[in-house]
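A.B. asks: One line per chain: the protein sequences are E and V, in this order. So the mapping is simple: the numbering used here equals the position in the first sequence, first residue as 1, plus 858. So the mapping is simple: the numbering used here equals the position in the second sequence, first residue as 1, plus 14.
Hints in this document: simulated from the structure, not taken from any laboratory. Do not take every clue at face value.
With a Cα cut of at most 30 Å, we get these calculated DSS-like pairs of lysine-lysine [to be verified]:
1. V/186 / V/198
2. V/186 / E/865
3. V/148 / V/198
4. E/865 / V/71
5. V/198 / E/865
6. V/186 / V/148
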Amino acid sequence: MNENQLKEAIAAFRGSIRHQGDQIESPGLEAILQRGQVRIRRPRSLRWVLAAVVLVLGAIPVSYEHAREQQREAERARQDAALLEKVNAGLSRTVPRSLEPLLAWEEIR
Amino acid sequence: MEPAAAALPVEIDSPAAEIQDFDAVVRLYWPRVFRFTLASLRDRDAAQTLTQDCFLKAYRNRERFRGDASVHTWLIQISINLIRDFGRNRRLQFWRHARSSAVDVTTAGDWIPGREVSAEARAVIQEQVDGIWKATERLSERQRTVFLLRFVEDMELLEIAAVAGMTEGAVKVHLFRAIRSIRKSMGDGHE
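This is chain E alone, in the form it adopts within the complex:
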C-alpha cells in the first residue's frame, strides 16, 4: 500500500465514522440529567444492600462463636459441679471406706 492509498483508506474511515456519528441523535440535556439522577440513586441503594449482606455475613460467625462459647461454659460449670459433689462426698465420710465394716461392728456392740 502506497502513501496515497493509505491516505484514501484513512479518509474513507474518517468519512464512515463521521457518518455513523451523525446517525445517532442526541437525547437532549433533560434526558441526560434524568439518567444521571437514576444512576446516582441506583448505586446508593445497591450500596445499602451490599452493606446489609456484609453485615449479616459478618454477624453469622460471631453469633455462632458466641453460642459455642456459652455451650463450653455450661459444660465446664457442669463438670465443676460434679467434681465438687465428689469432693464433698469424700469429705463427709467419718472413716475411710476400708474401715467402714469396723464402724458397723462398733455399732452392733
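Starting from the known structure of chain E, arrange chain V on it as the hints suggest.
C.D. replies: Here is chain V on its own, set in the frame of chain E:
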C-alpha cells in the same frame, strides 16, 4: 457540516438560559463525542452511555470551564478520561467481554456516506474502512486515541497533547507507531 466551536454561546445569564445553552452544547457536540467514543470503544451501547456520561460530567462541572480551550477540546478531554476508566473496568470485568452491541467489523464498512458511488467504488471504500477499523483494534489505547484525534477529529498535535495529557513529542511518537502499525496490517510489507 459541523458548526465551529467558537460559535458556541458561552455567556450565560440565568439558570434557565444556562440549561438552554447547555442543551445547545449537547445538540452541537453530541455527534463528535459519540463518534470518537464509538471509534475508541467499538461498542455502540457503551459509546452512547459514555457520551451521556461525558455531557453529564461537563454539565456538572460547567462552572469550572474557563474557556482556555474550545468546548470541543474540553469535551474530548472528558471523554478520553471516561474511556480510560471504562477500559480499566472492562479489564476487571473480563467475563463481560462478549458484548452484544460490539461493532462488527464486517458492518463497519457499511457506514459510507452518500449512495451516489458505484457498487465497485463502494466495495473498495468498504474494504478500506474495514481494513482501518481492524487495524485500529490492534493499536494500544494511546495510539488509537492519538490516531483518532488526528485523523477523525482533525485536531492539531498540540491540542491532542493537551487533551491526552502527553507532550507533543509523545503524540508524534504514538502517531508514528499507529500509522506504521496500520500500514503494516493493511498489507504493506515494509515498515
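A.B. asks: Take the hints in turn and mark each one as holding or not.
C.D. replies: Comparing the hints with the structure gives:
| no. | hint | verdict |
| --- | --- | --- |
| 1 | V/186 / V/198 | holds, 18 Å |
| 2 | V/186 / E/865 | holds, 18 Å |
| 3 | V/148 / V/198 | holds, 12 Å |
| 4 | E/865 / V/71 | violated, 35 Å |
| 5 | V/198 / E/865 | holds, 14 Å |
| 6 | V/186 / V/148 | holds, 22 Å |
Of the hints listed earlier, the one the structure fails to meet is number 4.
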